[in-house]
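Asks: Note that the protein sequences, when read in sequence, are chains G and A. Mapping of the first sequence onto our numbering: position 144 corresponds to residue 144, and the numbering continues sequentially without gaps. Mapping of the second sequence onto our numbering: position 477 corresponds to residue 477, and the numbering continues sequentially without gaps.
In short, the hints are calculated from the structure, not lab data. Honestly, I wouldn't trust all of these hints.
[Claimed, not checked] Lysine-lysine pairs mimicking PhoX-like chemistry, simulated, CA-CA at most 25 Å apart:
| # | chain 1 | residue 1 | chain 2 | residue 2 |
| --- | --- | --- | --- | --- |
| 1 | G | 68 | A | 10 |
| 2 | A | 603 | G | 38 |
| 3 | A | 10 | G | 194 |
| 4 | A | 419 | A | 603 |
| 5 | A | 546 | A | 450 |
| 6 | A | 10 | G | 193 |
| 7 | A | 325 | A | 232 |
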Amino acid sequence: MPRESSNLVQRSFALMPQFIDTKVAEPPRVADEALIAKAIGGDRRAFGQLVERHYDFIFRTACKWCGKVSDAEDVAQDVCVKLASILRSFDGRSAFTSWLYRVTLNAVRDMQRARSRRGRNVDRYAEVAPDEYLPDQEDSAAAKEMWDAVRRLPDQQRDAVLLIYAEGMSHAEAGVIMGCKEATVSWHVHEAKKTLRGLL
Amino acid sequence: MSNHDDFDDKLAALKGLNPPAPNEARRNQALDAAMLAFDAEQKHATQGSSIISRLSSMFANARRNFVMDNRLTYGLGTAAVALLLLPLGYQLYTSTAITPVGVPPVTVTTTAEPAPLGGEAEQTVEVLVNGTAAMETPTADLEIRLDDRGEASPPVEEGEADMAVMAPAPEAAPLGEVAKPVMRTLAQPGGAQPQMSAGVQPLSEPFAEPMMVAPTDPSGDTFAKFTESPVKIVKNEPVSTFSIDVDTAAYSYVRRALNEGWVPEPDAVRIEELVNYFSYDYPAATDAATPFKPTVSVYPTPWNDKTQLVQIGIKGYVPPVTEDKASNLVFLLDTSGSMDQPDKLPLLKRAFGLLVDQLGENDTVSIVAYAGSAGVVLEPTSGSEKTKILSALDNLSAGGSTAGAAGIELAYQLAEQHKVTGGVNRVILATDGDFNVGIDDPEDLKTYIKNKRDGGVFLSVLGFGSGNLGDDTMQALAQNGNGNASYIDSFKEAQKVLVADAGGTLDTIAKDVKIQVEFNPAVVSEYRLIGYETRALNREDFNNDKVDAGDVGAGTMVTALYEITPVGSGAELNDPLRYETDAAATPDAAAATEFGFLKLRYKEPDSDTSKLIEVPIGKDLAVDSLEAASADDRWAAAVAAFGQKLKGSVYGDMAWADIRKLAQGARGEDEAGYRAEFMGMIDMAAVLRPNVVPATPIDETEVAPEPEVVPEPEMTPVPEAVPAPEAVPVN
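Take these sequences, add in the hints, and give me the full structure.
Replies: The following block contains the structure:
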């Protein structure tokens, strides 16, 4: 592991430049991998730095995925708390951001499942929620419509479509995050398109 | 098709959705929660104390903010459970007294009701070791385990155990079943060891085998693979050739393993290194011109009364103290992150401190670090400036995870700059197994070291720690660098290697030392070289000065053992050939008085041509009984027997108690206590790897012959010989 870490650093940022929003966060000076290693070793400050650095990424990802600011905030907090215990399971085989993306996606999904179990109360609540997330002004209604349609897709189709079209990843990169093969991603996209054509 | 493209465009609109910036307050709240969870995690990981109160207070906060929305608790609840279970499970797995590091968790079978002796236990309940229980009672009731085939073992409970052991002979088979699970528990390193009793050993006989083939292997260290040298027929292959081996790394490694309670893998046990660890009272050569003379003795084999052992001993010339050779030492030290363990970098610092203490103003020391903090740590400094050297050593810290610069080239460069003619020029590499010294390819690295060796700078390797140790690489590098590989497992070992044997470690008096023995087919029918498997040479290599071999330092002792089968002893493992003509085998009278002929080649340190020493191994050297052999001879035989048994050799199995007895009688003065320590290792090995052959009863007269190793348990004269009640360790 140690010997590969230099490669990892290069990979993590070369692979997904869009994850590092330069407007929000400066490119990190200390490599994520170093912080992770320290945090696993019990370094409180390193852990704090790591979470702080990636909070925005987690939040934005969650936001896109669940479509509501309040939900995204809950999910982001949930992920931050979880990180304390699951960070040691990060094995360095994929880039940290890929791993984090997956963790966030899972958290979103957990939340949505829990809500569907809890029934209509929450749905009713959600309908009147004031914090419905609004697209930028220049965004057409079409974009919002499309998002809503995509969010209604089955989990894997939705993930595939969003990773590829919203995040601009290649099928291979999406495969890394979804934990499946490139061909599987392509198939999910194909299926999703079929469904969406029916919906729109 | 165009439809398809349109749709892609539509989908591209997904990108146009930019989430708003996160709310600062919520952001801080999330970060606080994360820190809280982290602290709880850390606290939990180290102390295992409860964190529930802290977490619930966090939930309370969350609820206050989202009064109507109880969704949040779901996620946090999951996190809380994860926080509790993950570290708890992790800690229990790694840190309870009964769970040895690197060994899978123990499965315990508790029996609801005693089943009839010898019958199948049907009412067994399998329980995983419960965490809390295990913590409260570190040596918990782990008497019984399921065996490999998944058959439930007969119950062993308080009274049951006594019955089991005292039961009469015809019941021996079920007895074995009883004994077996007990043995297995004992084989696990851990608290159960002291409960071992020799009495159970014979019971396990039919079952010891499956355990023997599966030694615990938690190490992760790598060793060169080798198979034991086979028995050779003198008529076919009268000549045996090998390079000497002065390393002792295998001994320290084995000692560490046994002390930590696990059986080292067979390839880690190089018998010649075990034997060579000890000092023997061989007469030393008197001058540097002939740096050593071989000492040969022949005595009966302790594990086979029909064969004999030929012991060849060499002691290197010890230069008088007045000959203060200047040394130019370069320490090439691994400071990678993995060295940051008490038995690695801190031990390394103290070890090198010992070495520095012995240096004088003639000597220079430089320090180069690689990996982590790479580069020259100390420019060449006179040995008299001890404070400077020691503080440089002290300031080293392990850290960093990536490969360092070209450490080895830097080290050799420094060594060459300050080369002393006629003195010691040596790079000492200390590592835990990371050889990322700047040359990646192992073959290139060997060639590089070889070239530097020819230029007069030698290399020694010191290994530290376990888990990552590249023993094979260590050996290969040291051999190519005319140095030795030592394994430093303790401060005491550092003291031995760097102080007591410093001359042998640093000051080479002869290089490329090869031994060739030609056996006399008229006297010896079969022979076997014990150990030296990794050092075997071709017959023609002996006279080829280009072939590299082992080196002898000042005062170093080297011992080689052959087990020989005299003609007509009846102990031959090979049947005579039906069509063999004996016409050629009529030796003259002189030849019939010799077992064989020993030839030894060596080069002086600065020479490229070898010198030859020849000694006949006469029959007059042989002694009739083991008692007549010298204590050193018996000691060497005991160590060899120990090594063979520990690695599960197919040759010569002795009972541990017999090995111990043999060693006990040969301890001699043992001023440094190394031999006493070895006695402890025998005891430990006896617990970890119980006998296949029953021990001969110690207190009785020596009449009882060792029973053959037979699969039928009825054959073993078991129960009468066993002191019954304490035989099975039941709490």
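Asks: Evaluate each hint against the coordinates.
Replies: Evaluation of the provided hints:
1. G:68 <-> A:10: Roughly 22 Å between the alpha carbons, so the hint for residue 68 (chain G) and residue 10 (chain A) holds.
2. A:603 <-> G:38: violated (52 Å)
3. A:10 <-> G:194: Holds, at about 13 Å.
4. A:419 <-> A:603: Answer holds: residue 419 (chain A) to residue 603 (chain A) is near 21 Å, not above 25 Å.
5. A:546 <-> A:450: Judged against 25 Å, a Cα distance of about 12 Å means the pair holds.
6. A:10 <-> G:193: Holds - the C-alpha atoms of residue 193 (chain G) and residue 10 (chain A) are around 11 Å apart, at most 25 Å.
7. A:325 <-> A:232: violated (44 Å)
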